[in-house]
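> Based on these hints, arrange chain H on the given structure of chain Y.
Sequence order for the protein chains is Y and H. With the numbering used here as the guide, the letters of the first sequence map in order to residues 236 to 361. With the numbering used here as the guide, the letters of the second sequence map in order to residues 236 to 361.
Check the hints yourself; a few may be wrong.
Since the list gives no way to pick one copy over another, a pair counts as held whenever it fits inside one copy or between any two copies.
[To be verified] Quick list of in silico lysine-lysine cross-link-like pairs, DSBU-like style, CA-CA up to 35 angstroms:
id, residue 1, residue 2
1, Lys287, Lys317
2, Lys301, Lys317
3, Lys317, Lys266
Calculated directly from the structure, the hints in this document are not laboratory data.
Number of protein chains: 2
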Amino acid sequence: MKEGIVVLGHGSRAAVDEANQFLVEVTEALKALYPESLLESAWMNPRTPRQKLPEAVARLVSQGVKRIIVLPVFLTAGLHLKEDIPEILAELSQKYPGISFTLARPIGFDPRLIDILADRLAEVRG
Amino acid sequence: MKEGIVVLGHGSRAAVDEANQFLVEVTEALKALYPESLLESAWMNPRTPRQKLPEAVARLVSQGVKRIIVLPVFLTAGLHLKEDIPEILAELSQKYPGISFTLARPIGFDPRLIDILADRLAEVRG
Numbered sequence: 236m237k238e239g240i241v242v243l244g245h246g247s248r249a250a251v252d253e254a255n256q257f258l259v260e261v262t263e264a265l266k267a268l269y270p271e272s273l274l275e276s277a278w279m280n281p282r283t284p285r286q287k288l289p290e291a292v293a294r295l296v297s298q299g300v301k302r303i304i305v306l307p308v309f310l311t312a313g314l315h316l317k318e319d320i321p322e323i324l325a326e327l328s329q330k331y332p333g334i335s336f337t338l339a340r341p342i343g344f345d346p347r348l349i350d351i352l353a354d355r356l357a358e359v360r361g
Numbered sequence: 236m237k238e239g240i241v242v243l244g245h246g247s248r249a250a251v252d253e254a255n256q257f258l259v260e261v262t263e264a265l266k267a268l269y270p271e272s273l274l275e276s277a278w279m280n281p282r283t284p285r286q287k288l289p290e291a292v293a294r295l296v297s298q299g300v301k302r303i304i305v306l307p308v309f310l311t312a313g314l315h316l317k318e319d320i321p322e323i324l325a326e327l328s329q330k331y332p333g334i335s336f337t338l339a340r341p342i343g344f345d346p347r348l349i350d351i352l353a354d355r356l357a358e359v360r361g
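Chain Y extracted, bound-state conformation (with noise of 0.2 angstroms):
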């Protein structure tokens, strides 16, 4: 049973893409990581044009995918994670009773963001 995986992001709507493409990156990463799972990016942003939660899990169910998890590309769980997410999961659910929805934990204290802070400190240090 394939499953599917959305990459869920907060998006910018900034006129350069750049908060935007770090979420394709990242969403092009997992993908080498899973390749048999099939994965869509989304953006939380609603003024970003990129595809949204409810777009993504309609792309990933009409490939017949049966499970999805949602996973937030977030540092800490604020609002959308706590609220906006939740609701819009909810409304899913109901609109595609098939079909189960995991979210997982947004990505939160780790050693290794403190490594990666640790270089951007180095970066300007020189």
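Then chain H, alone, in the frame of chain Y:
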């Protein structure tokens, strides 16, 4: 010459302070790595009651710091990093002409971030 580091995150207005507490944990971990620097956390979200960038800088300046690195705990260069933070730093540079300010890069795409996301997926797959 003492160096100051402002660990600058987004913050959340969420009633549960988890998204703000995350930045405290990140700052504590960085303090352990840089015991000779002075570190302050700061939050961008105007709706969080936590310390903002100008207050963090004022505290560092009052302790004799001459060089301040602002380390953004943001995944991408969205509008905060492209516009809001540079504007605040320009104002602070005028207010404190003897202090040098340097803005580090955001977290960005990194294989270590992909590792963490793979762990978050593994948690819900069981």
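> Hint by hint, which ones does this structure get wrong, listed from lowest number up?
none
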